[in-house]
Amino acid sequence: MKPIQTKHELQFDYFSENYHQFETDFYKWAATSTPLVFLEDDILHSMAAGQRNYFRLHHTKSRDHRDHYFYFKVSTLSQSPLTRIYAYTGHHLQKIDPHQTEKKDSLI
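Residue numbers (UniProt numbering): 1 to 108.
Simulated from the structure, these hints should not be mistaken for lab results.
Since the structure is predicted, the reported quantities are computational estimates derived from the model, not experimental observations.
A virtual CB, placed ideally from N, CA and C, is assigned to each residue, including glycine.
There may be inaccurate statements among the hints.
Said to hold, decoys possible - Derived pair list, reagent style DSS-like, types lysine-lysine, alpha-carbon separation capped at 27 Å:
| # | residue 1 | residue 2 |
| --- | --- | --- |
| 1 | K73 | K95 |
| 2 | K61 | K95 |
| 3 | K73 | K61 |
| 4 | K28 | K95 |
| 5 | K28 | K73 |
| 6 | K61 | K28 |
Stated by the list, open to error - Quick list of the computed label-pair ranges, beta carbon to beta carbon:
| # | residue 1 | residue 2 | range |
| --- | --- | --- | --- |
| 7 | S33 | T76 | 30 to 38 Å |
| 8 | T34 | D97 | 24 to 32 Å |
| 9 | K73 | A49 | 12 to 20 Å |
| 10 | H59 | D97 | 16 to 24 Å |
| 11 | P81 | T32 | 30 to 38 Å |
| 12 | L77 | E17 | 16 to 24 Å |
| 13 | A48 | S16 | 15 to 23 Å |
Model the full structure from these sequences, guided by the hints.
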């Protein structure tokens, strides 16, 4: 069994507009007083361990009591192929079939 990546191998695309949009969307829907910065490692490790490009904000933790899915494009760096970069692509209220990538462009 392969160990879960270290912090340096799993990263959000922090210095991009899409990360700022992720922060905005997360705070809009999350009913938590915990700052996102304290949740990021858990979110990244959860997505990596499950080999998913999204995470679900459970309905019990959302402001509108509905499940929210946050989607990311996962890429690697050519100079560091073990590093996975998660670039936010959007938010949706339903889980999207990963084989229908065209639909991701129309996320809320």
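We went through each hint and held it up to the structure:
1. For the proposed pair K73 and K95, the alpha carbon gap of about 15 Å is at most 27 Å, so the pair holds.
2. A hinted pair counts as satisfied when its Cα atoms are at most 27 Å apart, and K61 with K95 qualifies at roughly 17 Å.
3. A threshold of 27 Å between alpha carbons decides the hint, and for K73 with K61 the separation of about 24 Å falls inside it, so the pair holds.
4. The hinted pair formed by K28 and K95 meets the criterion: a straight-line CA distance of about 19 Å does not exceed 27 Å.
5. Taking the CA atoms of K28 and K73, the gap is about 21 Å. The hint holds against a cut of 27 Å.
6. Distance check on the hinted pair: K61 and K28 sit about 12 Å apart at the alpha-carbon level, within 27 Å; holds.
7. Hint check: S33 to T76, Cβ distance near 34 Å, so the stated range 30 to 38 Å holds.
8. Checked against the given bound of 24 to 32 Å, the beta carbons of T34 and D97, roughly 31 Å apart, stay inside it.
9. Taking the beta carbon of each, K73 and A49 are about 18 Å apart, inside 12 to 20 Å as hinted.
10. The hint said 16 to 24 Å for the Cβ distance between H59 and D97, and at roughly 21 Å that hint holds.
11. For P81 and T32, the hinted distance range of 30 to 38 Å is satisfied, since their beta carbons lie about 34 Å from each other.
12. Taking the beta carbon of each, L77 and E17 are about 19 Å apart, inside 16 to 24 Å as hinted.
13. A hinted range of 15 to 23 Å holds for the C-beta pair A48 and S16, which are about 19 Å apart.
The structure agrees with every numbered hint stated previously.
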